[in-house]
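Participant: As a plain string of letters, each chain reads:
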Amino acid sequence: MMRTLSLRLVAFVALGWAWTASVAVTLHAPATAPAGQGFTIQTEGLGDALFYLLGPSTASKRTVHLGNDISIGSEMVSSAGRYEAILCSGEDCAHTTFEITAAEPARLSFFLHPSRVPVSAPDAIDATAFVFDRYYNPVLTPAKVEFQIVPRATATFSRIVPSERGVAWMRMASSGKEGPVRITAKLGEVSVPRVIQQVAAEACGLRVKEIPGKNGVTLETDPVRDCGGNPLPDGTIVSFTNIDSAGKTTVDAPIKRGVARAQLTVRGSGRVSVACGVVLGNELSITGSM
Amino acid sequence: MRRGLPLLLTVVSLLLVAIAWVQAGGFRRHEISSAATPEEAVQAFMADVQAHNWDGAYARLDPSNDVEKAAFIRDIAGSDGSLRTYAALQSFDTWPLHADENSAVLRVRLKWSTAVGSLDDVRDLPVRRDGSIWRVVWPKPNFPAVPPQVVPVNYLRWDVVGRDNDQAWGAQGVDPPQVRITSMNAVERPDRVVVMGEIENEDTVPAYVNVNATLLRADGSVIDQEGSFDLISHTLLPKQVSPYRIDFPGIRIAAVKSVRMDARPLLVPASADPVITVASQVVEKDGLGRNVLRGDLINQSGETVNISQVLSTFYDAAGKVIWVSAGYVDQALLPQVSTPFALDVPDDIASRMKNYHVVVNHYVRTSS
Amino acid sequence: MSCRFHPMRTFFLTLALAVGAGAQSLPQVNLNAEGLGPRSIEQLTGTNITRDYALAWQTMAQALEQNRSDLLKQQFTGIAQERLRRRIADQEQNGLRMEIVDRGHRVKAVFYSLDGGAMQLMDDVKMQVQIFDGSRLIESEDASHQYVVLMTPGADRWYVRYLEETPGGSR
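Chains as they are written, first to last, in this note's numbering: chain A, 1 to 290; chain B, 1001 to 1368; chain C, 2001 to 2171.
Treat the hints with caution; some may be incorrect.
As the list claims (entries may be wrong) - In the DSBU-like style, the derived pairs of lysine-lysine whose C-alpha atoms are separated by at most 30 angstroms in a straight line are: (1) A:Lys256 - A:Lys214; (2) B:Lys1140 - B:Lys1257; (3) A:Lys61 - C:Lys2073; (4) A:Lys186 - C:Lys2126; (5) B:Lys1069 - A:Lys209; (6) C:Lys2126 - A:Lys61; (7) B:Lys1320 - B:Lys1354; (8) C:Lys2073 - A:Lys144; (9) A:Lys256 - A:Lys209.
Think of the hints as simulated: they come from the structure by calculation, not from any bench.
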């Protein structure tokens, strides 16, 4: 009888061990979840285990009780990307992966170039918007980004561009009038404005004339404008050159109140020319003191 | 024997001292300090200038010109924070032009060393016999009198408000200025390859520019990379054009397959003042027979320009840039006053050039 | 502003970069810029992007293995740097580390902004990843992973601004 009892005891213990071994550590997580939303991971097994959560900005470790759900807080899954959950009980480890996707679009990084663009330049303005969610995850699914353009002298208009892999871009020509241009990138409730300046293009029809005066020769340009009639901004350099019997004289004078002015001493007869950047103006014959 | 040894030691010591004296230039200094001939007088005078011994140099002047000591020192040592005030006379050469019993004229070539390189100055110095010595006749300095006046400054000035680095990526910024290299020409000179051309600020804001060039072999590997350093007018106002020149010493052009250019513009605060007129420009020979581009700089503002640099672009008949010369003016540009300058022009360039354009860099020392 | 004296053709032959740098070589990066737009890529830019991306991966592997977030600023900026910093801080706090054996990248450049200020890449990378808790290996994986990457230029190099793993890698 004692022998039978022992055999039964051994069998009972062996069965117990076998049963424990067959209850493996497992965990089940959703395949995907949006960023910033907490969820739970189901576990199976007996006893306690170490739970690891590894993600783009996370590497956590804590002790959990197998069989209970593991709560994943929203702050742990705010970064989009691939996550790995690992559960280790003794030598036995199980793992699963899941993906956190970007939440709804909530931010735009909007680039508008260049800060200053010459008028009437084809495809000169480029606008690029990067779409992010509130956690700064790029929103890789297509989203319709509206670029609203408010030029200075013409009517407002819009262009809708679908984003691709989180990027929406467009380019456009500058208009014919100088002045600020406001472009706003919009996506849902998000709205990001930018302002660039349309500036006069190269000087056109540059003309210089002589202003009679007592001291030397004063040269003055007509109001310096581009071919569209836009005035070149003050500070733009105009080069005056005079060649006379004494040699060559040059003055780089900035435009002030729309015109550039220079005072030269001319000996005998001289030949005056004017230039602005690489644009040449007219030539003038003048007579100075002998 | 007892007297012989001390005597021998004394003689040997004296001999060693004499040898040391000679090796240290004792003979030359004796010649220089003697002023017994016109050459000696000028050399002694220059040696005093070199040593900043203004009292000694002034004492060698002929009193007939009635040059005041303060004016003489101001003339030779510079003033108004000019480049001359930071310079030292490195060397000088003299040679006689003509001489008689009581007077002579010597040509002196002075080489000044400064923080921005060496400056050459050539003067013709009259000397006159005064008893047994010769004295230098220093021309009475004629410093321009700047009349007291009020000069309104109403030229444009640009300030830059930068972006806060803490702002998120994508926040509004200000683009750097748009500049364009309008021409590039790579030529071989006797001991180097030179890359030169012009760059324009196409934007409506001031730009601080540097131009770099990389010489590449046929296989695309880099031979050398250099920058324009100070052979460029760094600050360009809107629509301003500057020459640039980049030297590659020791390189032969046969080894160069291509040149990669890189212009780096920065947005900087700037002022359109001062305006400097470059008047009476002419290419001619100087006293040493060298080709020079001469002219006068006239500072039209009311502020002294302490240090100025003149850059000149030389063009051939086709309008191609064939050379860029640069030089510093060692005098300050006083308001409304004409100041001469001269730039060296290589002989081969002088014979080929059809046109030239001069620009002026200026540096104003700010008061602390 | 660069003058392009060597403009890239639209179809960009793969640029392999495997540079031995002392005892540690850079990961191999093959960059394909065929069809890249709206801005076409200059040859020098292609070389620099390839080099700096390889350096970024090398730096990241080193930082994650040694739990040294100070290394990240050399090649990472913005969101990418911030996230890696948090990851490394967590690893250090919990006694974890990650070892990456980089087996190479096939990178396709898919977007280059007109102003040259941003380039988006799709990277197919083969790597072995091992996670250690102290000295205990808790996870080992040898697989392909796909990343979407944004790089932006700095003063003298390109930085990784975001680096996000996307589904599509295979075991």
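Participant: Hint by hint, where does the structure go against what was stated? Just the numbers, ascending.
Facilitator: 2, 4, 5 and 8
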